[in-house]
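Asker: Sequence:
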Amino acid sequence: KAAGAGLVDVDYAMFQKGFSLGLLGRHNDKISVLSGILNNYKTSTYVPDALYETGRSFFILQQPQRSIPIYQQILSEHPNSSYASKALVQLGLIYYNMDENDQSLKYYKQVISDYPGTPESNSALLGIKNVYVDMNQVDAYFDYVNSLGIQLDISATEQDSLTYIAAENVYMTGDCAKSKVSFGNYIERFGNGKFLVQAYFYKAECHLRDGENQEALVSYQQVISRPHNIFTEPALAASAMLNYNLGNYAEALEDYLMLEEVAELRTNLSDAWIGKMRCYYWLEEYSNAVDAGRQVLMDEKVSEELAREAHFKIAKSFYEEGRFALALDEFKIIAEEVRSPEGAESKYRTAELLYIRKQYQEAEDEIFNFIDMNTPHQYWMAKAFILLADLYLEKEDRFQAVQTLQSIIEYYENTSDGIIDLAMRKKAEIQQMEESEQEEPGGEDMDIEIREE
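The numbering of the sequence shown is the numbering used here, which starts it at 1 and goes up by one.
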């Protein structure tokens with residue numbers, strides 16, 4: 001209205017209208033109004049203002065590619081305006097957001113060189129720092145600042161923070177190759193750094209992701225060795241898993257015991273119980289393995305598979321300790337299912353322990369029941385047949401014993417697991433026994449023959 005009434009200059013009124021529309025968030029309308037100045041009032045003193053505000057609106061509308069030529073027009077056509085330094089800062093920011101760091105640095109550094117001591121130079125210096133940090137070139141930033149002779153109080157703490165942030169930014173991109181180098185440099189440079197735990201943990205995660213298990217363990221242990229922190233629990237869980245998979249059962253057990261103490265996640269607590277049971281078992285600490293197995297069974301969320309494993313390890317622990325009655329009770333719990341390797345072995349062990357207790361008929365019944373169950377685990381089926389041969393021997397039925405062993409020798413397919421060798425050895429022992437009995441009268445004749453000579 002003011003412009004129409006001739007009370008003010010039209011270009012000024014249009015600029016104010018456009019600026020006001022921008023304050024209301026109506027940026028497309030703002031751009032439309034300001035374009036009127038740029039197209040119809042090309043000699044107006046408000047052209048630089050209109051250009052800059054148009055560029056800002058395109059930026060806000062997330063159309064930075066349309067902002068770039070407008071800011072460049074300010075630099076080429078209005079290099080002496082107060083908006084030139086502002087345009088350079090905006091160009092630096094746009095290219096930074098577009099990950100074109102070299103271009104961003106070019107514009108930011110031009111602000112520093114052409115407009116020293118201005119608010120824009122301070123903004124540009126902050127932008128330069130961000131670019132160098134994102135490029136993981138923090139030292140280059142420090143060198144650049146020093147080359148300017150600018151007296152910035154960059155404390156050791158800030159250097160620590162910037163170096164770590166640069167490494168973390170690389171990690172967030174998923175580039176583990178560069179992350180390992182960056183975190184390694186941080187650790188080497190800041191031996192007591194504020195972010196040392198984080199650096200070791202993320203470095204370990206990258207080693208783990210790349211299959212570098214020993215290197216991962218070293219870094220996880222660095223996290224674990226420090227006072228309790230938010231990374232302690234996941235580091236313990238990862239370290240325990242790695243040590244166990246590498247066969248380092250004593251070290252894994254130590255990790256699992258610590259994890260049990262600090263675990264806040266239910267899954268980690270369950271993993272600690274399971275890990276303890278397995279480690280104690282492989283370390284032949286059978287009494288502890290039994291206790292740990294029972295702890296696993298007390299978990300209300302234990303799966304059927306884990307329950308079977310726990311019963312099996314309890315049974316085998318009793319078995320190894322010679323506590324056969326207790327072992328038999330546990331083996332029977334899982335012996336009714338022979339599709340799993342634990343179930344198949346348990347069925348065999350049940351028959352074996354009955355045999356040891358001289359309950360021969362019960363042992364034979366177990367074996368024939370095992371045969372009827374059609375297990376896929378032929379090793380334990382073959383072991384059961386060999387035990388059946390022993391039972392026939394107890395009945396003094398050598399013929400059936402030999403025939404049973406011969407069937408294994410002829411039809412068992414695996415030639416390297418010791419089953420065929422065992423069957424052949426037992427068969428040979430029976431045959432030697434029979435031959436010895438048959439040769440006894442012949443031996444007396446030989447004695448007579450020798451005396452005659």
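Just so you know, these hints were derived from the structure itself, not from any lab.
Any given hint could be a false lead.
Pair by pair, the computed Cβ-Cβ distance ranges are [claimed, not checked]:
#1 188 to 413: 52 to 60 Å
#2 365 to 225: 20 to 28 Å
#3 356 to 298: 26 to 34 Å
#4 436 to 413: 50 to 58 Å
#5 399 to 374: 41 to 49 Å
Below, computed lysine-lysine pairings styled on DSS-like, alpha-carbon distance capped at 27 Å [said to hold, decoys possible]:
#6 395 to 426
#7 358 to 395
#8 358 to 426
#9 129 to 109
#10 427 to 358
#11 109 to 42
#12 358 to 332
#13 106 to 178
#14 42 to 129
#15 106 to 129
#16 17 to 42
#17 301 to 332
#18 395 to 427
#19 194 to 178
#20 332 to 395
Backbone N, C-alpha and C define an ideal beta-carbon position, used for all residues, glycine too.
Asker: Could you run down the list of hints and mark each one as holding or not?
Answerer: The hints, checked one at a time:
no. : hint                   : in the structure
1   : 188 to 413: 52 to 60 Å : holds (57 Å)
2   : 365 to 225: 20 to 28 Å : violated (57 Å)
3   : 356 to 298: 26 to 34 Å : holds (30 Å)
4   : 436 to 413: 50 to 58 Å : violated (33 Å)
5   : 399 to 374: 41 to 49 Å : violated (27 Å)
6   : 395 to 426             : holds (16 Å)
7   : 358 to 395             : holds (12 Å)
8   : 358 to 426             : holds (20 Å)
9   : 129 to 109             : holds (11 Å)
10  : 427 to 358             : holds (22 Å)
11  : 109 to 42              : violated (30 Å)
12  : 358 to 332             : holds (17 Å)
13  : 106 to 178             : holds (25 Å)
14  : 42 to 129              : violated (38 Å)
15  : 106 to 129             : holds (13 Å)
16  : 17 to 42               : holds (18 Å)
17  : 301 to 332             : holds (23 Å)
18  : 395 to 427             : holds (16 Å)
19  : 194 to 178             : holds (21 Å)
20  : 332 to 395             : holds (25 Å)
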